[in-house]
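> For the protein sequence lines, the chains are A and Z, in the order given. Anchor point for the first sequence: position 248 equals 248 in this note's numbering, and the numbering is continuous, going up by one each time. Anchor point for the second sequence: position 87 equals 87 in this note's numbering, and the numbering is continuous, going up by one each time.
Simulated from the structure, these hints should not be mistaken for laboratory data. C-beta: ideal position from N, C-alpha, C; glycine also. Hints are supplied without guarantee of correctness; some may be wrong.
Claimed, not checked - Just so you have them, the derived chain A footprint on chain Z, three or more residues with Cβ under 8 Å:
1. 77 to 89
2. 101 to 107
3. 116 to 130
Stated by the list, open to error - DSSO-like cross-link-like pairs, simulated, lysine-lysine; straight-line CA separation at most 27 Å:
4. Z:Lys54 with Z:Lys41
5. A:Lys18 with A:Lys2
6. Z:Lys104 with A:Lys300
7. A:Lys74 with A:Lys254
8. A:Lys254 with Z:Lys81
9. Z:Lys54 with Z:Lys76
10. A:Lys347 with Z:Lys78
11. Z:Lys81 with A:Lys347
12. Z:Lys81 with A:Lys255
13. Z:Lys104 with A:Lys347
Letter by letter, the chains look like this.
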Amino acid sequence: MKIKKSYDEINRKLAQGKAVVLTAEEVKQMAEARGVKAVAKKVDVVTTATFGAMCSSGAFINFGHSTPPIKMVKVWLNDVPTCAGLAAVDAYIGATEISENNPEYGGAHVIEDLVAGRNVRLRAQGKGTDCYPRKNIETYVNKKTLNECFLFNPRNAYQNYAAATNSTDRMIYTYMGILLPNFGNATFATTGELSPLLNDPELRTIGIGTRIFLGGTAGFIAWNGTQFNTTQPRARNRVPLKPSATLSLIGDLKKMSREYIRAAVFERYGVSLFVGIGLPIPVLDEEIARFVTVRDRDIKTYLYDYGIASHPVVAQTNYAELKSGSLRINNREIKTAPLSSVFKARKIALSLKQWLLKGEFSLSEPVQRLPKNTTVRKLFIREVK
Amino acid sequence: MKGRFILNMPPSSSNKPITWHLIKDFNFKVNIWRAQFNAGKEGHLLIEVDAREKDLQRGLKFLKQEGIQVLPLNRKIKINKRDCVHCGACTAVCFMDALIIDQKTSRLVFRSEKCLACELCVKACPLRIITIDF
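Bound-form chain Z, shown alone (with noise of 0.2 Å):
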């Protein structure tokens, strides 16, 4: 099954491989997105996992006993696509390119899958016809 994680880690954490430990010993297949690491500081990964079940729990219970604060990453946008002018001006702050102007039919494409749920295009949509679906 997959899912979207972000994982907050400790100072403390920072020396160990711990995606290294994911794919390794918990046959996490682990897709990193967007990572944040300072040394002495707090840690930030976001990853998209695809994992068994019965690994997946294994894996997020090993994060938790490195002290490793695990963020389910469920929240979606949801367009209200019969009100959607296909202006473009979402597309301007998706950096995950989830929201696109077709180049052949010029209206508003949604890429789900490529959704962090970052809720930028929230923002910029001028009909204010994007919210957050929880």
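So here's chain A without its partners, still in its complex pose (with noise of 0.2 Å):
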């Protein structure tokens, strides 16, 4: 007989408290032990995880208006310049942007301090109109006093990522981390069978209105993420081979923890945000119990050159190999090192099991599927008259 769930089907047993959920890592032991088909039938629910640099985030601000009032033209928060050009109190902070006196100190970070609680200074300046005849203002702003604040990542949890070497005599400084010259290392950036859109590989479960674990606090997926790809070439399990599928995700900054927000800085590259993503998926049927039991091994991914600029392709490789330690390239070993933190999506996943267990996080069933049928365009450059 075939199996068939619904989303209403499996809310009910989340709600009844006899649903089964199981993290990602958990259902792929299960699947090893007792096959692909005692998954679709008995798993309701797998919840999968990362927690990686995400440079396409930010948050939305609005302050409030103060007496007399400003039309804020130019905000700077902690020195960090946001984007100011929508009303009079509300700004976008981007999370690589930098203070304008100190490059080790950006977005991400005002991100992280208004996250955990703390003082931003707010510095802003407005041209003056009969309706808002104030044209400078400095003051502190924290989480507690400002209006809305959320954060709206327009490209996040890639689907599958390039993984990076150098085979120059110099060492290289990149958002891939620090490149030891010569093959020194590789590094490499998703969670592999922990991620969330490596385990629904056609995105059937995600889609625009999807509710998600977001930095510690409910979240939503907003939108196809910006660099959206659905035509990348696939694997025989349907997994991409190259960055695919992103996501745009909505959720609010007040709720979230610093345990899941984090600032990064690589060196001599700029600020990025560690993000903490959790997606549950439904196990609908037995297509999607093969999707999520999908191993490291069966994962596969290209490992290119930054040393070059054209970044050519030095090997195909795997997520089984990446996390082993080493690869082997011509006979030579390479060294492998991750820049997302299993230890931290693991931790997601099994928060995110434990919300759906106890009733307080339910499925949402997808208002609107992401696109098909995407490419990325190119910048093509073009005289200027």
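Could you fit the two chains together into a complex? Lean on the hints.
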């Protein structure tokens, strides 16, 4: 008999405390022992997670109006410029924006400070209008004084990512960490078999409106992420071999925890934000059971040479190899190292599992599926007249 | 007692079997970690030695007489473990494998006995929680 479950059925079971929820790691163990069919039959939800540096992140903030009021044109938070071209007291702080006087402090640090409940110095300039006469303001704000403060990340949770190495004879400093000369190391940036979009490669259960774990609280998928690409080559198990789908995420920063939102500095590259994300995947049928039981060895990616501007491919590899600590290429051993935290991801998957089991978190069926047949366009340089 | 030293050797001493003397004459247990020699140029040797206090002092005196500069390596790195997210970025640059991600727990493990205090991890840590302790 074919197994088919609906969101309603699973949510009912969750509410009654009868649902079986496993983390992505647990469900793979179960599949090894008892097979995919048993997973489809017994398991209702699988929790997946990642914790990595995601540059395309930021937060919308509403400061509230002062007396007399100001229409803020330029806004700085702890000397980090924000985008203030929206109404009078709204701003967006981008994670990678850098402080005007400290290259190791940026938007991500402001976000972490706000999450931690610390005071942040607000400085703003306006031009003064009849309805907004004030021209300058300087004060402190924190998450209690702000009206709204929500994370809105345009591109997170990449479905697969490139691994990086360096063939040249000099050390290079990249967003993939420090790459030692002469293939001295290789870094990679997903949690592999724990990673959300690698467990639902065709995004059958993931779409607009999906409730997720974001930074320690419940958030949502707002849209497809930027650079969303569904046309990359795929393996037989449908898992893409190259960076593919991405997610645009939204959630209440005031409820987030510093345990899952952390600022990052990459030497000679800049600032980024570590974001902790968890996604529940309902096991609706046998196909999804097969998807969520994919193993690291069956998730492939390419190792690129970041020492050369065009980033040529060095080899194809898989996450079992990458996570093992070393890689063999042309008879030489290359040390491998992660940039995403499996330790944190495991914690997130377990937290999300607990939320589901306690009935604090229910599954939401996507309001709309994410796009199909999209590719990423290049930016061509045209003559400007 | 154990110690780690960088030996900077003048070009003249490169013909002499210095390590042999340390072992043979002063009972040093020598572990060579890094060596860089080019004919006619200054050489560099990074060693860990285990020797009795008396032998150690005699051996170091011998090295100085040979015109070799001896720099004890006693810098240490310090990790603010409470703030660590176990991302692994520091392990990428640790060629001594003093910093590793434990395969089972996925946590960062620091094996201080292997650390040369090369300081690469200080730059590689995205949280800036690794510092040099003098």
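> Now look at each hint and say whether the structure bears it out.
Each hint tested on the structure:
1. 77 to 89: holds (count 5)
2. 101 to 107: holds (count 5)
3. 116 to 130: holds (count 6)
4. Z:Lys54 with Z:Lys41: It is violated: about 32 Å lies between the C-alpha atoms, which goes past 27 Å.
5. A:Lys18 with A:Lys2: holds, 21 Å
6. Z:Lys104 with A:Lys300: Answer holds: Lys104 of chain Z to Lys300 of chain A is near 22 Å, not above 27 Å.
7. A:Lys74 with A:Lys254: Between Lys74 of chain A and Lys254 of chain A the Cα gap is close to 24 Å, so the pair holds against 27 Å.
8. A:Lys254 with Z:Lys81: holds, 26 Å
9. Z:Lys54 with Z:Lys76: holds, 25 Å
10. A:Lys347 with Z:Lys78: Holds, at about 25 Å.
11. Z:Lys81 with A:Lys347: holds, 17 Å
12. Z:Lys81 with A:Lys255: holds, 25 Å
13. Z:Lys104 with A:Lys347: holds, 14 Å
This entry does not satisfy hint 4, going by the numbered hints stated previously; all others are met.
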